[in-house]
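The listed protein sequences derive, respectively, from chains A and B. Quick note, the first sequence lines up with residues 407 to 683 if you use the numbering used here. Quick note, the second sequence lines up with residues 185 to 478 if you use the numbering used here.
None of these hints come from the bench; they were simulated from the model. Cβ coordinates follow ideal geometry from the N, Cα and C atoms, glycine included. Among the clues, some could well be false.
Label-pair distances were calculated between CB atoms; the ranges are [said to hold, decoys possible]: (1) ALA309(B) <-> SER419(A): 43 to 51 Å; (2) ASP507(A) <-> PRO264(B): 32 to 40 Å; (3) SER419(A) <-> GLU449(B): 37 to 45 Å.
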Amino acid sequence: MTPLFEVRGLHLSLPNLNEKPLFGPAPRVHILRGLDLDLPEGQVTGIVGESGSGKSTLGRCLIRLLEPTGGSVTFAGTDITHLGPQALRPFRRDLQMIFQDPMSSLNPRHRIRDIIAGPLRVNGVENADARALDALDRVQLGRRFADRYPHQLSGGQRQRVGIARGIALGPRFILADEIVSGLDVSTQAQIIALLEELVADMNLTMAFISHDLSVIRRLCQRVIVMKAGEIVEAGETAQVFAAPQHPYTAELKSAIPLPEIDDSWLHDRPREAGDVQ
Amino acid sequence: MTAPVLSIEGLNARLGRSGPRILRDVSLSVAAGEVHGLVGESGAGKSMIGKAIAGLLPPAVRVHSGTIRLHGTDLAALSPGGRRKLVGERVAIIPQDPLTALNPCRRIGGQITDRLIHILGWERAKADARAAELLEEVAIRDPARVLRAYPHELSGGMRQRVLIAAAFAAEPELIIADECTTALDVTVQRQILRLIAEMQERHGTALLFVTHDMGVVAKICQSLSVLYQGKVVAQGGVERFFAQTPPHPYADALINATPRYDRPEESLLPVPQSVLDGLAREIAADDEAWEAHA
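Throw the hints in and build the complete structure from the sequences for me.
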């Protein structure tokens, strides 16, 4: 089966304006340094790494909110690396995104029904309103929320609205960027359960960006570990967890505080490279 | 036995005169050298307790009854000035967001020495030397440079270290850490928690650790209060909470909601409806008793 996304030698650099000489071009900062990856259709792939590792930038290159400076991104057989805004339009409805902070990504002056129907109307879908209500049902929020405003909802409910907007167009791919990081543990658990259901029901392909390996272990079939703009490890989640190949993956794993008492977690120095359990 | 550093008894607070109750008869105490966890979901009132101690409650929140004692001194019995002085000298806070807690227009050095100079009346030179010493203690490599830097020049982890240094600067007896690692990456979180624990042990400080992460609680706390809608539903040593049968089903549910990579299918479980129903009954009974009493 061909993967939904094929990424080869993906490179992104930006001019470093802090270091720009008075004359002449600014030196480049390399954010992504030649990434190769495939995202198989119908699977959830986790992208993990610390802040600044380039995981969000990779996500934004996939859905072409950013244009890579090198390499190629192929979506469902079409090379979309350098398509212009017009050429990208037909792909937009297939490539959707859910954001980290639902408060700042939902327009505070729009009702929930309009927030969800917005992308439907822009794409000229008929019965946008009815389909927005369907999307509300799918995220188990209930239609009574349709006429409320974002500030009247709790954090978990707002994130459900963000998800409803993401799935309303029936996309093939969803980029979820740290979407449970700002939530309480119990709300986080509900949102993860919802995502699992949606992925199964709608045959979604998803890239799930997170700094929390525990969440990724639960939700994702595959995982990509990033550090400093490079992929240090990639593979089946279960396998990566059972036997991390890269010391950085092992470090990420051991840094997670499991809810059980263990004095050594706090007092031991991190394990040496390669010394995994 | 010596008196605990912090002891709160029967603290009740509500929004305005007749608004919703925010704290329901909260009692807890923290001894010197102890780390006490304060756990709950957002809106449970855990930050309110920290604010009540520091005297930083929003104006709309009214304390109805209860006492807060620092080393036996009832804070309510002091004049506002006397209270500020006592709390300023003995209590420090490590806030959640290191970027908003630091003044972006001022250099780091001055922000650490503020408390030493203005509250404790130290000489500037002595305070500056102490600030440099503290930055070294929190494992900042180039203290001289960091003292002169502005907050935006430092990474999130560095800023959090600076705030820890500032908190320990005047040897407080009590530190309130309010979700101070929530915004950090796991690897940085581990470093910071380790640092807080080391500093706390070395200085014998009492630490009130506000968090929603039962994983973090298991690693750093010795005792724990679980809050739900302003009520302490369970309290005790951490061992009891992480034993086979935790003291309260809600505590158990919070532990089961915490993601864990070693048992992916048995973690990240939403709080069961039966537990929520039980909590709702507890809160209703509490309200009834309160109304009857009033």
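Here is what the structure says about each hint:
1. ALA309(B) <-> SER419(A): 43 to 51 Å: 47 Å, holds
2. ASP507(A) <-> PRO264(B): 32 to 40 Å: The hint (32 to 40 Å, Cβ to Cβ) holds, given that ASP507(A) and PRO264(B) are roughly 38 Å apart.
3. SER419(A) <-> GLU449(B): 37 to 45 Å: 42 Å, holds
Figure legend: structure checked against the earlier numbered hints; every hint is met.
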